[in-house]
Structures are given as structure tokens and as C-alpha cells.
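Assemble the complex: chain A is given as a structure, and chain B must be docked to it using the hints.
Here the protein sequences line up with chains A and B, keeping their order. FYI, the numbering used here numbers position 45 of the first sequence as 45, with every residue one higher than the one before it. FYI, the numbering used here numbers position 45 of the second sequence as 45, with every residue one higher than the one before it.
Honestly, the hints are just simulated from the structure, not real lab data. Quantities reported herein were computed from a predicted structural model and do not represent experimental measurements. It is possible that part of the hints are untrue.
[Claimed, not checked] Facing chain B, a subset of chain A residues (Cβ under 8 Å, in silico):
(1) Leu44
(2) Ile93
(3) Gln106
[Unchecked claim] Below are the PhoX-like pairs computed for lysine-lysine, each with C-alpha atoms no more than 20 Å apart in a straight line:
(4) A:Lys41 - B:Lys22
(5) B:Lys102 - A:Lys55
(6) A:Lys66 - A:Lys55
(7) B:Lys102 - A:Lys64
(8) B:Lys77 - B:Lys22
(9) B:Lys49 - B:Lys77
(10) B:Lys49 - B:Lys69
Ideal Cβ placement from N, Cα and C applies to all residues, glycine included.
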Amino acid sequence: GAVVSQHPSRVICKSGTSVKIECRSLDFQATTMFWYRQFPKQSLMLMATSNEGSKATYEQGVEKDKFLINHASLTLSTLTVTSAHPEDSSFYICSAREGGGVYNEQFFGPGTRLTVL
Amino acid sequence: AQSVAQPEDQVNVAEGNPLTVKCTYSVSGNPYLFWYVQYPNRGLQFLLKYITGDNLVKGSYGFEAEFNKSQTSFHLKKPSALVSDSALYFCAVRDTNTGFQKLVFGTGTRLLVSP
Numbered sequence: 001g002a003v004v005s006q007h008p009s010r011v012i013c014k015s016g017t018s019v020k021i022e023c024r025s026l027d028f029q030a031t032t033m034f035w036y037r038q039f040p041k042q043s044l045m046l047m048a049t050s051n052e053g054s055k056a057t058y059e060q061g062v063e064k065d066k067f068l069i070n071h072a073s074l075t076l077s078t079l080t081v082t083s084a085h086p087e088d089s090s091f092y093i094c095s096a097r098e099g100g101g102v103y104n105e106q107f108f109g110p111g112t113r114l115t116v117l
Numbered sequence: 001a002q003s004v005a006q007p008e009d010q011v012n013v014a015e016g017n018p019l020t021v022k023c024t025y026s027v028s029g030n031p032y033l034f035w036y037v038q039y040p041n042r043g044l045q046f047l048l049k050y051i052t053g054d055n056l057v058k059g060s061y062g063f064e065a066e067f068n069k070s071q072t073s074f075h076l077k078k079p080s081a082l083v084s085d086s087a088l089y090f091c092a093v094r095d096t097n098t099g100f101q102k103l104v105f106g107t108g109t110r111l112l113v114s115p
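Excised from the complex, chain B in its bound form:
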């Protein structure tokens, strides 16, 4: 079965510094990977996705993620963090082998950017 791991419950970073939020995955087929952001009491907002092609994917709000097949990772990065980036971030994977192509989420990582 497909799964996603986000090893860090929380990531703290100072404004202006680079940030990384880690994600590793496990699938039986080819992965279709996503990052979403959630603000308090809100639904999920799409940040970026990887289907195929270039391993470095650029998304919304200056975020990017690098697909690494050998390490089965899809870490989220941003060169310079903003206080407004503080939120809950979810990595998700869709296994192309499953019937409905279900999206499975990691446990989430809370990003806290200090001024």
C-alpha cells in the first residue's frame, strides 16, 4: 500500500533563511506527488506537483520540490522564508497502481517562521 512519511512534526526557521520540509514516500507503481498547505480552519491549497519529467518542480509562492527516485523523497524547499509561510504543510502521493488513484497524505509538518 502507498504511504507518505513526514518525519518532522515542526520546522522552525528565521525569516529570510532557506527552509526545507522533508517527505519520503512508498508506492508500488509510479508516484504522483503533491505538496499542499493548510492555514488554520481552512481546506488545503495546492502548492505543486510532480508527475514526470524534470526532477525539480517549481510551484506557488516561491516554493519548489525535488523528486529523488533513489531516495524516494520529495522535499519541499524555499530559498527565503516569509513569516506568512507559517502554516501546516502536507505531502501526498497518488499511486498509479491503485483503482481510484487515491491520494494518501503524510501526517503534516508545521512550519513556523519567526520574524
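Same shape as in the complex, but just chain A:
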């Protein structure tokens, strides 16, 4: 199947700093990318959906100014956690889909574990 990579896989930062997470589709063009957040022993919660070249659509309760999403190309999306705080510590997973059709497969990255001290 198609491959989605994330970088970094693990990051530790101080409170108040910003962290950028990259998500790349390696062998296909991702028209749509999704960012999820997963707390320990919990399910994946969708944070936002982005289509290449347009602004992301955020889920209710997700602060768009805190979680900046850029989907500048068909193979790269970035999530920037601005002024991170300990409560932002979580496992962030991106997902990419080729095309907009309902039957199109959605592929997941390996995740990034963010720890804010």
C-alpha cells in the first residue's frame, strides 16, 4: 500500500516553544490530509482536514491559531503546535488520501509523540 511518513517520530520541547510536525505522502499525491490526536488509551480524534492549496477545516473545539496546518503541496502537510503547553502532549497522527472520492483509501503515518515539559 501507499506510504505516509512523519517527522519527527518523537519530540520533547519546553513549554512556550513551537513545534512543527511534517507529514509526507511518499508514493502518491495526497489531495486531502487529515491530522488526528490520540491521548493514551483513547481513540483518534480528528483535529482538522486540509485540501492542498486551501485552508484547513478544523473540528469543533480545536484552536486554529494554536494548531497551524499548512498543506502547500500534494505530498506535504505540516502541523505546527504554537506556544506548546504540557496539555498539548499527545500522539499526533497524520493521514493522507489520494483524490476526493468516497472510495479512496486513507493511509496513516506512524505518528509523532510530543512531550511538552
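Just chain B now, with coordinates in the frame of chain A:
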């Protein structure tokens, strides 16, 4: 709004025995159903999906799932469990009626296969 329920937090089964992980869903349109598996500190791996057609879907690693429209269920099954099947399993649904066709996940079921 679409939703998925996985009623069991954990399922315990002995190696070699059959396993079932339950999932029920709610959508306004037609469901597009998935099962994913997650190993510790890893992303999700696709197991199988149902779009249309045969209600019994076969997937990776010997897993299969049965779509039951009247019971709105999509239970995951395997005839003979392996210790290596121990992981976190997520059922997910995409409602064909939503704008971006968002994938909504259940809360997950931890499968523990004992030797």
C-alpha cells in the same frame, strides 16, 4: 452525525481459539467501514474494509469481518488467534453523506491473546 461503538475495552482469548471484536455503527447515508490495528507507539495499519457487495470481507493476517445491515454491525473475526495479534483494534466508518467523507473511529478494543 456518524458514530462508531466498540463495546468492549478489552478482549481476552487463548492462542488458537477464535476471536471476535465487536463494532456497531450509525450513519445517515451508506456506511463505508474499516478495521485498523495499532501496535504500541505506532500509527494505524489497515486490516480490511467494506464498501459494497459480499457481506463477508476478508483482510490482512487472516482477519475477516461481517457486515450486517439490519444490526448495523461490522464485527472483526479470526478463526484462530495468534499471540502476535495482541494489539489495539479500531473500527471506523465513513459516512458517504458528509462533505469531506470524514473517517470516525471507535474507542478501540485491546486484544490480548495468551499463549
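Each hint tested on the structure:
1. Leu44: Check passed: Cβ of Leu44 of chain A comes within 5 Å of chain B, closer than 8 Å.
2. Ile93: Nearest chain B Cβ about 5 Å off; hint holds.
3. Gln106: Holds, because the Cβ-Cβ distance from Gln106 of chain A to chain B comes to roughly 6 Å (cut-off 8 Å).
4. A:Lys41 - B:Lys22: Holds, at about 18 Å.
5. B:Lys102 - A:Lys55: 17 Å, holds
6. A:Lys66 - A:Lys55: OK: Lys66 of chain A and Lys55 of chain A at ~15 Å, within 20 Å.
7. B:Lys102 - A:Lys64: 18 Å, holds
8. B:Lys77 - B:Lys22: 9 Å, holds
9. B:Lys49 - B:Lys77: 13 Å, holds
10. B:Lys49 - B:Lys69: 15 Å, holds
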